[in-house]
Amino acid sequence: DGGITQSPKYLFRKEGQNVTLSCEQNLNHDAMYWYRQDPGQGLRLIYYSQIVNDFQKGDIAEGYSVSREKKESFPLTVTSAQKNPTAFYLCASSVAGVTDTQYFGPGTRLTVL
Amino acid sequence: AQSVSQHNHHVILSEAASLELGCNYSYGGTVNLFWYVQYPGQHLQLLLKYFSGDPLVKGIKGFEAEFIKSKFSFNLRKPSVQWSDTAEYFCAVRSGAAGNKLTFGGGTRVLVKP
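Residue numbers (this note's numbering), protein chains in the order written: chain A, 1 to 113; chain B, 1001 to 1114.
To be clear, the hints were calculated from the coordinates, so they are not data collected in a lab.
Some hints here could point you the wrong way.
To be verified - Here are the simulated DSBU-like pairs of lysine-lysine, each with C-alpha atoms no more than 35 angstroms apart in a straight line: (1) 9/A to 1049/B; (2) 71/A to 1049/B; (3) 1101/B to 1058/B; (4) 1049/B to 1071/B; (5) 1078/B to 1058/B; (6) 1058/B to 57/A; (7) 9/A to 57/A; (8) 1049/B to 70/A; (9) 71/A to 1061/B.
Just chain A, with the same shape it has in the complex:
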């Protein structure tokens, strides 16, 4: 069963703690992306990676970090420096880079208490 998986679906953390969101894909896509979705604001790009061991900041990278050690995996860490971390986080991937159609995972809803 091919696709993009994100875990967990719901995540609760205390303020001041770092938390890592998982994103895995078995589509053999080169590029992967992280977005944040807030009501009325659509999706905003946090980080993206076009190839293993390389990634670039998106529009709202402050307070977040990523790694891309394997083609299949692109974990996102929400650090304590992120001022408003409670949101719905979506991971996406595409075949060969930013010029291709992106396909999305089911998302992780993070709530910071």
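For chain A, the structure is supplied; the task is to place chain B on it using the hints.
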């Protein structure tokens, strides 16, 4: 800075009514245009896309969109909606002038009453 505007935040209509959702973007040059849909509890899915050619694009589930370059618009339409079209709809634009990143509009929540 590039921006994508979806002017209707919420739309409520009855089954069999026609639907049109507006999408405008702020930058010129070559653009790729997308409409995504997020049904309740489901993944964000691609509805249709425009890269080049015929500006009238047909997508899944009876949706279509028209690219009007002079108006910087890519409006989504469906002649007759069903209750199952209840969802949130997102317009997205990619431009080489903006580093080929995908920029999303704020979304439109559509509620179709049975």
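Between residue 71/A and residue 1049/B, does the CA-CA distance stay at or below 35 angstroms? holds, 26 angstroms
Taken at face value, is the distance from the CA of residue 70/A to the CA of residue 1049/B at most 35 angstroms? Cα-Cα ~29 angstroms, so holds.
Next pair to validate is residue 9/A with residue 57/A; report whether the Cα-Cα distance is within 35 angstroms. holds, 24 angstroms
Restraint check for residue 1058/B with residue 57/A, where alpha carbons must lie at most 35 angstroms apart: Holds, at roughly 33 angstroms.
With a cut-off of 35 angstroms on the C-alpha distance, tell me whether residue 9/A and residue 1049/B pass. With Cα atoms ~28 angstroms apart, residue 9/A and residue 1049/B stay inside 35 angstroms; holds.
Restraint check for residue 1049/B with residue 1071/B, where alpha carbons must lie at most 35 angstroms apart: Roughly 18 angstroms separates the two Cα atoms, so the pair holds.
Within 35 angstroms, alpha carbon to alpha carbon, are residue 1078/B and residue 1058/B? Status holds; Cα separation ~10 angstroms.
Regarding the pair residue 1101/B and residue 1058/B, is the alpha-carbon distance no greater than 35 angstroms? holds, 24 angstroms
For a C-alpha distance cap of 35 angstroms, please report whether residue 71/A and residue 1061/B respect it. holds, 33 angstroms
Violated hints: none; the structure is consistent with every hint.
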